Amino acid sequence: MTPHIGDSYAERNARERARALLDPGEFREVLGPFARLRSPYLAAQGVTSQSDDGVVVARGTLGGARACVVATDGRFLGGAIGEIGGAKIAASLELARRDAERGTPTRVVLAFDSGGIRLQEANLGLLAIAEICDAVVALRAHQPVVAVIAGRVGVYGGISIVTALCNEVIVTEGARIGLNGPDVVETEAGADEFDAANRPLVWKVTGGRRRFAQGHATALVADDMPDIRAAVEDAFVRNGPFVAIERPEFPDPGLEREAFLRAYGITP
Amino acid sequence: MSEEVSRGRAWFERFAAGGARADGFPASVLVADAPLDGLPVRWVAVVPAPQARFPRARSGEMGIDEAFGVAAAVRGVPPNSAIVALVDAPGQAFGIREEAIGLQRALAASVDAYVQARRSGHPVAALIVGKAISGAFLAHGMQAGWIGALDDPGVDVHVMSEPAVARVTRMQRSDLARIASEVPATARDIASFARFGAIDALFEVADPQAPTDEEYASVARALGAALRDGSGLRLPGERLNRPAAIQTRALARRVRGELATGWDG
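Chains as they are written, first to last, in the numbering used here: chain A, 1 to 268; chain B, 1 to 265.
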C-alpha cells in the first residue's frame, strides 16, 4: 500500500488524471482545449478564462469496456462549474444513458475536484447542476455511476450533492467532502462555529477517512494510481445497486457544539 | 404587510385548506394532500421552526431534518398524486453539525426523491414564493418540470450570500453589485433568472404573504394546468429548449451539440 513516488493521482492535472484512469493508450478528448470554449462571463468580470473551461471529457476504454472519464480541473478556479463545464458533464451523462438504452453501454467515471458552482456564473451553474443530478439518477438505473474524489480541492456545494447520488464513491485520505466549505460556514456562522484555519479539524469533519467510516464513500484507497484504477475497476465489476440515502444516526444536535462533536467521535 | 407568518406557510395553508395534513414530519416541513381542481396533489413546504433541534436550521433553512423530511414526503407521495414544492428557503443550513453529519447527503436524498417521483410519472411543479437559494433550491424546487414564481422583489434566487461570495472570490461587495447589474448570470432577482428560460410563469401579487382571492386563483389555475398537461414531467435539460434559453444559454446548447457529435469520434 506504500504509494510509489511519482504515481500520485492528486499531483496530476485533470487531463492526466483522465488519461491515467483510462486503459493505457486509450485517450481521446472530446471538446478539448482546441475547441476554444471559453467562458465569456469570466472575461466580463476580469477573471482569466481557460480554453477547456476546466472540464475534461475523455473517451477510451476502462478494463476493455467503452468508457468516458469526466475530470474537473481543481487548479482552475477551484474546479467550480460554470455554463460550459456544466454542459459537458450533463451531456456526457446523457449520452452514456443513450448508449445504455441502445445496448452499447459506456462506463462513466466522474473524477471530481470542485468547489461547486462557479460564483461568476452562478445561475447558469445552478441550472447545470440540476441537469447533472437528473442525469446521474437516470444513468444509475442502467449502470453504476462512479465518482473518484482524490484531488486537492475535494467536492463541495452542488458537486458534493452530485457525488452523493453516485453508486460508488472512491476517496483518498486527502479528499474532502462537504456541502459548505469551512470558509463559507465561517463567513455565515462565525469562526466559533467552524474555524476554517483549523486544518486538522477540517479533515476530521470532512476528510476521506471520516466519510468512508460514515459510509459516504464505498472505497478508501491510497493516493496511488494503480490502487485508484483497481478500485474503479472493482466498482464496475461489483455492479452494485444504488443504496437509497437514509437519515443516519447522529448525536443529539441540541448538544453544545463541542459536546456534539465529541459524541460524534470528533476531537475539536 | 405582516411578517409573522412565513410566505411558505401562508401559501401552504392556502393550498392545503380542505386537505389532509400528513404527520410524522419535523415542525419545519409542512406536508398535505389536498386536491387542486379535482387533481390529487401533495403539497410540500419548508418553514421556519424556532423549536427545531438543529440550532443553525431554525429560520427556514434546509438542514438535515428538513432535507430528509422533504425526501420522505416525496417518497411517500400517494399513487396518482402530483407534487408541488412551495419554495421559500433562505438557503441551506450553515453549521458544523450539518457538515459533520453530511448535509450534502440529506440534500441528495431530497433531489433523488424528486427525480425518481418525476421520472416515475408524478408531475412535479414548484412555486417560488420567497427565497430560493442554492442548495435549498436544488433540493426542493429545481427538479420540478414546471417552475412558477411570484414577480416580487422578495423573491430571490442565488447561490451564495454576498459576504460569502466576496470572501470566496476575494472581491469587494460594491464590485459584486456592479457586476450583477451587468452579468445576469450573477444577478439575484427573479427576472434575471427567468431570462435563462428556467421560470415558466411569473405572477404579480400585491402582498406575497396574503394574496387576494383573484391572485390566488390565477396561480392555482396555472399550477393545475401545468400538472395536467405534462409540463410537470419535463426533464431539467428540456429548459435549454425554452424560447428564452435559445440565446441566453446558447453556449450550453452548443456544447451539448458538439459533444454529441464528437462522442463516438
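Read the hints as simulated data drawn from the structure, not as lab findings. Source: prediction; values computed, not measured. Yeah, the Cβ is synthetic: ideal placement off N, Cα and C, and Gly gets one too. Check each hint, because a few of them may be wrong.
[Claimed, not checked] Listed next, the in silico SDA-like pairs over lysine to any residue satisfying Cα-Cα at most 25 Å (straight line):
1) A:K204 - B:P184
2) A:K204 - A:E256
3) A:K204 - A:I266
4) A:K204 - A:E11
5) A:K204 - B:P55
6) A:K204 - A:P251
7) A:K204 - B:R167
8) A:K204 - A:D224
9) A:K204 - A:P241
10) A:K204 - B:V168
11) A:K204 - A:D252
12) A:K204 - A:N239
[Said to hold, decoys possible] Some chain A residues flagged as far from chain B (calculated, every beta-carbon gap over 12 Å):
13) G25
14) T163
15) Q214
16) D223
Each hint, compared with the structure:
About 38 Å separates the Cα atoms of K204 (chain A) and P184 (chain B), which puts this hinted pair outside 25 Å; it is violated. Between K204 (chain A) and E256 (chain A), the direct Cα distance comes to roughly 18 Å. Compliance with the 25 Å bound is thereby established for this hinted pair. Distance check on the hinted pair: K204 (chain A) and I266 (chain A) sit about 6 Å apart at the alpha-carbon level, within 25 Å; holds. The straight-line distance between the Cα atoms of K204 (chain A) and E11 (chain A) is roughly 22 Å, inside the 25 Å bound, and the hint therefore holds.
As the CA atoms of K204 (chain A) and P55 (chain B) are separated by approximately 21 Å, the hinted pair is consistent with the 25 Å bound. Restraint check for K204 (chain A) and P251 (chain A): satisfied, since their Cα atoms lie roughly 16 Å apart, inside the 25 Å limit. A threshold of 25 Å between alpha carbons decides the hint, and for K204 (chain A) with R167 (chain B) the separation of about 23 Å falls inside it, so the pair holds. The suggested pairing of K204 (chain A) with D224 (chain A) holds, with an alpha-carbon distance near 22 Å, which does not exceed 25 Å.
As the CA atoms of K204 (chain A) and P241 (chain A) are separated by approximately 29 Å, the hinted pair breaks the 25 Å bound. Annotation: proposed proximity of K204 (chain A) to V168 (chain B) holds, straight-line Cα distance about 22 Å (limit 25 Å). The straight-line distance between the Cα atoms of K204 (chain A) and D252 (chain A) is roughly 19 Å, inside the 25 Å bound, and the hint therefore holds. At roughly 30 Å between alpha-carbon atoms, K204 (chain A) and N239 (chain A) are farther apart than 25 Å, so this suggested pair is violated.
With a closest Cβ-Cβ approach of about 15 Å to chain B, G25 (chain A) is found to remain outside the 12 Å limit, as its non-interface label requires. At roughly 7 Å, the least C-beta separation between T163 (chain A) and chain B is not larger than 12 Å, which violates its mark as non-interface. With a least beta-carbon separation of about 6 Å from chain B, Q214 (chain A) fails to lie farther than 12 Å from that chain, contradicting its non-interface assignment. Every C-beta of chain B lies more than 12 Å from that of D223 (chain A), the closest at about 22 Å, which supports listing it as non-interface.
Of the numbered hints given earlier, the model fails hints 1, 9, 12, 14, 15; all others are met.
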